[in-house]
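Enquirer: Sequence:
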Amino acid sequence: MEAAGTRRVFGTTPEGQTIEAVTIAAGELSADIITYGAILRDLRLLHMPHPLVLGFCDLDGYLATNAFLGATAGRVGNRIAGGRFMLDGREIELDVNDPPNHLHGGKASFGRRPWRIMSHDETSVILGLVSRAGESGYPGTVEVTCRFELLPPATLRITYLGRTDEPTLLNLLHHSYFNLSGADDILNHSLMIPAQAYLPANENEIPTGEVRGVEGTPYDFRKRAKIADRRGPEKTVYDANFCLAEYRHEDPRHAASVWNDNGELEMQVWTTEPGVQLYDGYKLDLPVKGLEGRRYAAHAGLCLEPQLWPDAPNHEGFPSAVLRPGETYRQVTEFHFRHDPVAE
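Per our numbering, the very first residue in the sequence shown carries number 8; after that it's consecutive.
These are computed hints drawn from the structure, not numbers from a lab. Bear in mind the structure is a predicted one, so any value in this text is a computation, not a measurement. Heads up, some of the hints might be wrong.
[Unchecked claim] The list that follows gives simulated cross-link-like pairs (lysine to aspartate or glutamate, EDC-like), each with its CA atoms no further than 20 Å apart:
1) 242 with 191
2) 233 with 268
3) 296 with 150
4) 290 with 212
5) 114 with 67
6) 230 with 271
7) 290 with 222
8) 242 with 212
9) 233 with 271
10) 290 with 246
11) 233 with 222
12) 242 with 292
13) 114 with 212
14) 242 with 258
15) 230 with 191
16) 242 with 273
17) 233 with 273
18) 233 with 191
19) 290 with 241
20) 114 with 150
21) 233 with 347
[Unchecked claim] For each label pair, taking beta carbons as the anchor points, the in silico distance ranges come out as:
22) 23 with 140: 20 to 28 Å
23) 70 with 230: 39 to 47 Å
24) 71 with 329: 32 to 40 Å
25) 222 with 269: 45 to 53 Å
26) 139 with 95: 18 to 26 Å
27) 329 with 13: 34 to 42 Å
28) 235 with 329: 34 to 42 Å
Where is the CB? At the ideal position from N, CA and C, for every residue including glycine.
Can you make the complete structure from the sequences, with help from the hints?
Expert: Next up, the structure:
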């Protein structure tokens, strides 16, 4: 990885737009951020011989795949059923890019377009993006920023801010795939999520509207459990929202903890958001080699994506994703790493 504070050209899009990369470091962490998709391309921890996230060595990998590795998904991360919702008595139609649904902001997703560098130093970088009214069908022009910041001894903090000039939706989420062991899959990672309930989904991966208790289900991670064990003989795959709260908090709260295969590395996720999506990467089968020449197949990484609850505008009682003029969207998510070589 380049020296902290380094800013360099990373590649060029087919439209001729220059994509840049910035390297930041603090304490035991170093990270590489690219302006395409506000992507966390690489994340390293001192004394660990492998990257902590899935990523690509060049821009072509991101252009050739649609897995949102390390990306900022928006305007609305996750799915909106049928690409439709009601806002102030008016039906809004969005593009459908994941039939029959709208996924991660559609064809104009924030995770698949260039952002601009607004400022950077050795420990942080701020990226900005303007999304014009009508993009992917959304009303209102939205201005958003994404700040990546490293804090000693080993914390990555991501702060999203957004404003709009007319009522719209905004629900950003960070889509890194984590692999804390450097193994082929994450099924031997252990996980804890302090959620009493999750959202069951239908065959189109849309919440049914039920808020179901986790007790007695494969979704019960209230106590630390190995993912392979919790899947059970049915080999449950995970792509579900865990309900942490009914509203966004001002300050981050504990949302999840994950440990690598031998338990020596722990990552805690803290967030202001009322939900966290667990995705175990079961659909991964990428044709492009990733960091250090790895092939990313099923379960190569897991996502823990803080968010508002999926398909919120179509479910009364879900935390609202509506943003109005004069309001500021704010999300803070932190990833805390702790390395204990004697852990088992």
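Enquirer: All hints, please: hold or fail.
Expert: Structure-based check of each hint:
1. 242 with 191: Answer holds: residue 242 to residue 191 is near 17 Å, not above 20 Å.
2. 233 with 268: 9 Å, holds
3. 296 with 150: 34 Å, violated
4. 290 with 212: The hint holds at about 13 Å.
5. 114 with 67: This hinted pair holds, its Cα atoms lying about 18 Å apart.
6. 230 with 271: Between residue 230 and residue 271 the Cα gap is close to 18 Å, so the pair holds against 20 Å.
7. 290 with 222: 26 Å, violated
8. 242 with 212: Between residue 242 and residue 212 the Cα gap is close to 18 Å, so the pair holds against 20 Å.
9. 233 with 271: Given that 20 Å is the threshold and the Cα spacing comes to 14 Å, the pair holds.
10. 290 with 246: Since the Cα atoms of residue 290 and residue 246 sit roughly 10 Å apart, the hinted pair holds (cutoff 20 Å).
11. 233 with 222: 16 Å, holds
12. 242 with 292: Judged against 20 Å, a Cα distance of about 18 Å means the pair holds.
13. 114 with 212: 19 Å, holds
14. 242 with 258: 36 Å, violated
15. 230 with 191: 25 Å, violated
16. 242 with 273: Between residue 242 and residue 273 the Cα gap is close to 24 Å, so the pair fails against 20 Å, i.e. violated.
17. 233 with 273: Measuring from Cα to Cα gives roughly 13 Å; hence the hint holds.
18. 233 with 191: Holds - the C-alpha atoms of residue 191 and residue 233 are around 16 Å apart, at most 20 Å.
19. 290 with 241: Answer holds: residue 290 to residue 241 is near 17 Å, not above 20 Å.
20. 114 with 150: 18 Å, holds
21. 233 with 347: Holds: residue 233 and residue 347 sit about 18 Å apart, inside 20 Å.
22. 23 with 140: 20 to 28 Å: At 25 Å between Cβs, range holds.
23. 70 with 230: 39 to 47 Å: For residue 70 and residue 230 the Cβ distance comes to about 42 Å; the hint holds.
24. 71 with 329: 32 to 40 Å: 35 Å, holds
25. 222 with 269: 45 to 53 Å: Violated - the Cβ-Cβ distance for residue 222 and residue 269, about 29 Å, lies outside 45 to 53 Å.
26. 139 with 95: 18 to 26 Å: 20 Å, holds
27. 329 with 13: 34 to 42 Å: 40 Å, holds
28. 235 with 329: 34 to 42 Å: Once the Cβ atoms are compared, 40 Å apart, the range 34 to 42 Å for residue 329 and residue 235 holds.
When held up to the earlier numbered hints, the structure conflicts with 3, 7, 14, 15, 16 and 25 and fits the remainder.
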